[in-house]
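Protein chains: 2
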Amino acid sequence: MGTTPRPLVGVKPSNSLLLLAFLLTFVLVGSRGESNAMDNVATERMAEESHRQDSANLLIFIMLLTLTILTIWLFKHRRFRFLHETGLAMIYGLLVGVILRFGVHVPQSMSDLVLSCAVNASPATLLVNVSGRFYEYTLKGEVSRSKGHQVQDDEMLRKVTFDPEVFFNILLPPIIFHAGYSLKRRHFFRNIGSILAYAFMGTVISCFVIGLIMYGFVSFMKVVGQLAGDFYFTDCLFFGAIVSATDPVTVLAIFNELKVDVDLYALLFGESVLNDAVAIVLSSSIVAYQPAGDNSHSFEAMAMLKSFGIFLGVFSGSFALGVATGVMTALISFHMLRDFPLLETALFFLMSWSTFLLAEACGFTGVVAVLFCGITQAHYTYNNLSPESQDRTKQLFELLNFLAENFIFSYMGLTLFSFQSHVFNPMFIIGAFVAVFLGRAANIYPLSFLLNLGRKNKIRSNFQHVMMFAGLRGAMTFALSIRDTATYARQMMFSTTLLIVFFTVWICGGGTMPMLSFMSIPVGVDSDQENARRNTKHESAWPFRMWYNFDHNYLKPLLTHSGPPLTATLPACCGPLARCLTSPQAYENEGQLHDDDSDFILNDASVSSMFADVTVSTDASGSHTVNRKRSSTASTGGGPWDEGLDHELAQAENEVAIRGTRLVLPMDDPVESVGSFHHRLQYHS
Amino acid sequence: MGTTPRPLVGVKPSNSLLLLAFLLTFVLVGSRGESNAMDNVATERMAEESHRQDSANLLIFIMLLTLTILTIWLFKHRRFRFLHETGLAMIYGLLVGVILRFGVHVPQSMSDLVLSCAVNASPATLLVNVSGRFYEYTLKGEVSRSKGHQVQDDEMLRKVTFDPEVFFNILLPPIIFHAGYSLKRRHFFRNIGSILAYAFMGTVISCFVIGLIMYGFVSFMKVVGQLAGDFYFTDCLFFGAIVSATDPVTVLAIFNELKVDVDLYALLFGESVLNDAVAIVLSSSIVAYQPAGDNSHSFEAMAMLKSFGIFLGVFSGSFALGVATGVMTALISFHMLRDFPLLETALFFLMSWSTFLLAEACGFTGVVAVLFCGITQAHYTYNNLSPESQDRTKQLFELLNFLAENFIFSYMGLTLFSFQSHVFNPMFIIGAFVAVFLGRAANIYPLSFLLNLGRKNKIRSNFQHVMMFAGLRGAMTFALSIRDTATYARQMMFSTTLLIVFFTVWICGGGTMPMLSFMSIPVGVDSDQENARRNTKHESAWPFRMWYNFDHNYLKPLLTHSGPPLTATLPACCGPLARCLTSPQAYENEGQLHDDDSDFILNDASVSSMFADVTVSTDASGSHTVNRKRSSTASTGGGPWDEGLDHELAQAENEVAIRGTRLVLPMDDPVESVGSFHHRLQYHS
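Protein sequence lines correspond, in order, to chains A and B.
Residues in the first sequence are numbered consecutively from 1, following full-length UniProt numbering.
Residues in the second sequence are numbered consecutively from 1, following full-length UniProt numbering.
Each hint should be verified, as a subset may be incorrect.
One copy or any two copies: either way a pair holds, since identical chains are not told apart in the list.
Said to hold, decoys possible - Okay, derived cross-link-like pairs now, DSBU-like style, lysine-lysine, Cα gap no bigger than 35 Å in a straight line:
id, residue 1, residue 2
1, Lys394, Lys184
2, Lys184, Lys222
3, Lys259, Lys394
4, Lys394, Lys76
5, Lys306, Lys76
6, Lys222, Lys456
7, Lys184, Lys259
8, Lys259, Lys306
9, Lys222, Lys458
10, Lys222, Lys259
11, Lys456, Lys76
Quick caveat, the hints were computed from the structure, so don't treat them as lab data.
Fair warning: this is a prediction, and the values are worked out from it, not measured in the lab.
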């Protein structure tokens with residue numbers, strides 16, 4: 001073990017080399033005779049060996065996932081529920097980490113070269129001149145903190161530690177896209193104001209509260225002498241940013257299964273999805289403003305403003321990019337590709353992935369872009385896909401999400417033992433737990449109070465307690481903290497974050513069920529009944545209504561096969577333009593609707609009256625209510641995950657359309673017809 | 001451009017370092033002051049820049065694929081057929097390659113270090129000590145042949161050039177697995193003897209013929225002075241091995257669409273799938289025996305035998321591994337996971353991928369393992385999956401195959417311009433084309449003659465000409481040749497191989513249709529009619545019959561939910577064992593069959609008589625004929641790609657079963673019943 005580098009006598013560099021700081025030329029220690037043929041063979045052998053070990057390492061993860069799947073099945077089969085599958089994946093990861101750490105001893109390969117140099121920075125690419133041939137080496141990351149030039153590198157463990165970029169480029173996009181694609185937009189947009197408040201303001205509050213508390217702790221630790229390295233205020237803020245991101249994965253799974261109150265679900269899920277994005281942008285803007293000339297790592301108002309500007313720019317840029325790609329995909333699948341499910345699915349997949357890459361290449365945040373791309377795809381593109389492609393895309397992203405999620409959680413477990421530069425500082429850990437708890441409280445309770453001032457259906461206190469409790473930290477927190485583990489501060493953050501994630505996933509995740517029953521929050525709620533029962537005034541706010549009308553009358557017809565044709569919605573003077581923009585397929589589609597008016601029927605109060613009998617507070621004239629109903633009743637407005645219901649309702653809609661009158665609903669016996677409708681709703685939801 | 005390394009004064013190494021040849025320690029040129037904070041920032045900046053460029057590079061490929069998909073759609077939409085989609089992908093790749101090469105000029109980044117050292121070999125991993133912190137660098141490959149220490153590295157082009165390992169580990173497995181999974185096993189196994197002959201003997205013959213011809217050419221070139229580097233006999237043999245692999249991708253697509261004669265299709269496809277595997281093993285065993293002590297690169301009988309031993313060992317090991325994983329997956333999905341399509345699909349995917357990794361980690365050939373894994377999965381596991389998972393797995397692998405295939409072909413196009421060490425030697429290229437042509441001829445014609453001696457239905461001469469013509473070189477040839485492009489010989493091989501692939505895909509691939517009509521080979525053949533018409537004696541050879549019976553009576557019941565329960569097939573003395581091995585589900589399944597005998601009905605001669613009226617040579621007593629019919633009629637024997645037919649037939653089978661007698665077929669009017677059966681067959685095929 002332990003290859004010992006021996007710094008030899010330094011050589012005085014020439015002047016030209018001093019000018020080019022990064023252009024370094026090294027000299028060989030021990031020049032050898034040429035035997036080219038043997039070189040090739042040795043290189044090939046080594047490459048083969050390395051390839052074999054890479055395969056073995058990847059195999060470990062595949063086996064871990066397989067094991068997790070089998071255990072998940074067992075749990076589902078036996079109806080165990082005390083541990084969520086992500087927690088399970090983490091436990092398996094832990095076990096394998098222990099085995100790799102203490103059980104396996106791979107002989108140290110002799111193929112590692114150790115180069116010593118005191119360059120300012122490690123370059124991303126190295127070109128090594130080996131006997132006149134140039135080999136390219138890419139930076140894989142820092143290996144371990146060398147103490148007195150002693151590299152303690154267990155090769156196996158080092159290789160098992162992934163490039164953090166893999167998380168961002170490969171594993172996170174499918175998870176976030178799936179979250180956007182499967183979002184229940186109806187409930188989400190009904191609570192959009194509160195969700196945005198929690199996600200934006202809440203996360204910023206939480207970030208600063210945690211940052212300040214941690215700064216207090218760190219300062220105290222410095223005084224006591226517990227701190228072995230630098231820990232600046234910006235580091236504290238950075239820590240606050242990364243641990244403020246709550247995880248949608250576990251929340252989604254638990255609450256979806258339990259069928260908890262739809263508003264609570266929407267709030268928690270919406271917050272956790274969006275605050276991932278907020279945390280990414282926050283942390284990267286903290287890093288970005290850090291190097292602006294000063295090494296003081298202190299807090300400045302100007303820098304703060306700049307940071308805020310970066311934040312807004314990056315967020316809105318990513319948002320625009322994601323929506324743009326979604327719209328482009330909708331347009332492509334609107335005008336072509338129909339009847340070729342394989343091509344459609346492939347295009348859908350590629351476009352969604354390219355959103356992420358494009359955003360990253362432009363310097364925006366891929367995760368934010370991919371989230372809004374997912375939402376746009378579900379809102380527009382989904383309606384243009386053939387039924388087979390709808391199934392295929394759903395299933396594909398479900399699978400990718402499942403695999404990525406379990407991979408991340410088992411990797412988290414593994415890292416606790418395989419990561420080599422852990423810094424567990426008990427005081428820092430205690431401080432972090434306190435700070436995370438207080439930060440979450442400072443997010444939820446004050447904001448809920450403020451929001452309740454404006455909300456018609458209040459966020460009750462038991463809801464607030466559950467939101468406080470269910471703020472699990474998961475994949476995003478982990479990914480953000482593993483991204484850079486170069487300094488002492490970052491290593492301590494990483495180790496602490498890992499513990500926070502473990503604790504919240506196991507304890508808070510596992511305790512959600514008891515918590516819900518303790519808070520007497522009903523589970524097993526039928527979301528559509530719930531939906532029908534609650535008719536909230538605050539939804540019909542004018543910006544939302546305007547957006548809905550614009551979307552329904554212009555965007556949907558332009559981008560999807562649903563909605564009225566543009567010729568009908570645009571003013572008469574725009575006739576030629578409308579005819580030009582409406583594709584032949586749209587006219588075909590129009591033909592299928594049988595009646596130009598059929599779409600408006602559902603915009604009419606008549607439909608809302610279908611539900612009016614069972615709603616508590618009837619709002620027959622409110623156009624928004626109608627609109628919302630419309631979005632829940634038309635097949636064209638359905639998201640990927642509730643088209644069963646939508647299909648059924650679309651049939652009803654068609655019946656309406658076929659009769660060709662504006663008020664054809666069976667109003668003679670409203671209770672019965674509503675009853676039968678409800679029966680269908682319940683059956684399908 | 002061009003970072004110039006300047007070798008400085010060498011430093012005398014200490015003794016201990018001389019002992020450890022690979023453990024080198026370098027000294028810094030130009031020691032710098034410590035400014036740790038700035039380091040981090042610079043490192044982060046550079047990592048960010050590198051990440052951004054990586055995203056942009058990947059984006060190029062995604063855009064290429066998107067463009068290809070849209071054009072494929074256009075072609076399908078307009079019913080163009082003169083160019084196959086893989087050819088199209090290649091053209092787009094070429095265009096982008098030209099643009100990147102001549103259009104884009106990325107400023108040379110200053111972040112490249114150039115290290116000079118005359119080490120014997122380039123290690124797989126470098127540890128660089130940067131101001132006391134260790135960074136790991138991994139070998140990405142040789143950059144370009146440096147002429148007089150001048151590194152001409154256009155960074156963009158270099159980055160766009162993928163790690164060849166990506167082909168082997170990411171892109172090839174799904175293609176080969178899909179080939180195995182979608183294999184029409186009925187036709188494949190009917191011609192298994194001929195396919196094995198072409199794939200094994202044919203490829204070896206072709207390899208040696210090409211190797212010898214190339215050796216002649218190379219020797220001549222050496223005399224004439226046209227050769228600028230070393231080119232040994234083993235290099236010639238290696239070249240023979242890599243260009244002997246014919247490509248299943250294009251063949252599959254063209255012939256599948258045209259519905260050509262099933263036997264011709266089976267022969268061509270079977271050969272091309274298996275000879276990929278043969279070429280891999282051949283080429284790696286040629287490389288493996290090369291370094292065995294001697295640097296003479298000459299041909300030795302002993303080495304040849306050793307090579308042959310390696311070949312057999314690797315091939316059979318990979319085969320066994322692939323089958324073992326397939327069987328394991330079948331067992332898992334037999335005993336659990338049913339009712340959870342997501343888990344099933346995920347497990348199926350992971351197990352299939354782990355086959356590949358396991359084989360590579362063990363030193364076997366992943367591609368061979370994954371091919372047989374695919375066949376096994378289709379034969380056993382597929383029957384255990386829930387209908388939803390059957391669809392999901394089919395669609396998933398179809399998509400992966402499609403993406404990987406188009407990616408490879410567009411990458412091929414790109415490489416023609418982006419690869420920086422091309423060696424185009426006109427004489428070598430002419431020689432290679434001649435050699436490839438003759439090698440193919442030496443494979444097909446003599447073997448066909450020999451096979452025709454034993455075959456009942458001869459391989460006609462027009463079939464032979466088509467097989468000769470349709471021996472396209474594709475993904476595997478490319479992947480094998482790009483794997484190592486370090487030496488002059490390998491670079492020349494790579495460039496030549498690229499041209500061969502382009503030529504065969506565009507000219508031979510595009511010319512297949514005219515060729516078929518010129519050879520007066522009928523297209524649009526109904527495979528099942530064909531199947532029924534032809535009843536070949538050679539199929540009922542005893543090894544095949546024995547295997548079938550064993551498979552049907554013991555393996556299928558043990559591994560799938562189909563076939564008779566073991567309690568019925570095992571002798572009475574094994575009753576307890578049989579009962580132990582048969583899971584509760586199997587008994588349930590047994591219940592569904594309504595009648596223990598129902599399965600045997602179809603083993604009886606009565607079923608074969610269903611088809612007997614329309615077959616040319618009736619063979620009512622041959623148990624194999626019956627068996628084959630059984631495999632085409634029972635839903636349980638159907639492969640992933642023809643379950644539509646199988647489902648229909650299963651219903652018929654059920655009708656038989658329900659009546660509960662052994663001879664219930666409507667024999668009173670056989671012509672009519674066969675007619676109606678045929679109607680269904682035609683409808684579904």
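Okay, the hints, checked on the actual structure:
{"no.": "1", "hint": "Lys394 / Lys184", "in the structure": "both (14 Å within a copy, 29 Å between copies)"}
{"no.": "2", "hint": "Lys184 / Lys222", "in the structure": "neither (48 Å within a copy, 71 Å between copies)"}
{"no.": "3", "hint": "Lys259 / Lys394", "in the structure": "both (21 Å within a copy, 32 Å between copies)"}
{"no.": "4", "hint": "Lys394 / Lys76", "in the structure": "both (22 Å within a copy, 25 Å between copies)"}
{"no.": "5", "hint": "Lys306 / Lys76", "in the structure": "neither (50 Å within a copy, 52 Å between copies)"}
{"no.": "6", "hint": "Lys222 / Lys456", "in the structure": "neither (49 Å within a copy, 90 Å between copies)"}
{"no.": "7", "hint": "Lys184 / Lys259", "in the structure": "within (13 Å within a copy, 45 Å between copies)"}
{"no.": "8", "hint": "Lys259 / Lys306", "in the structure": "neither (43 Å within a copy, 65 Å between copies)"}
{"no.": "9", "hint": "Lys222 / Lys458", "in the structure": "neither (45 Å within a copy, 88 Å between copies)"}
{"no.": "10", "hint": "Lys222 / Lys259", "in the structure": "neither (48 Å within a copy, 78 Å between copies)"}
{"no.": "11", "hint": "Lys456 / Lys76", "in the structure": "neither (39 Å within a copy, 55 Å between copies)"}
In summary, the structure is inconsistent with hints 2, 5, 6, 8, 9, 10 and 11 from the numbered list given earlier, while agreeing with the others.
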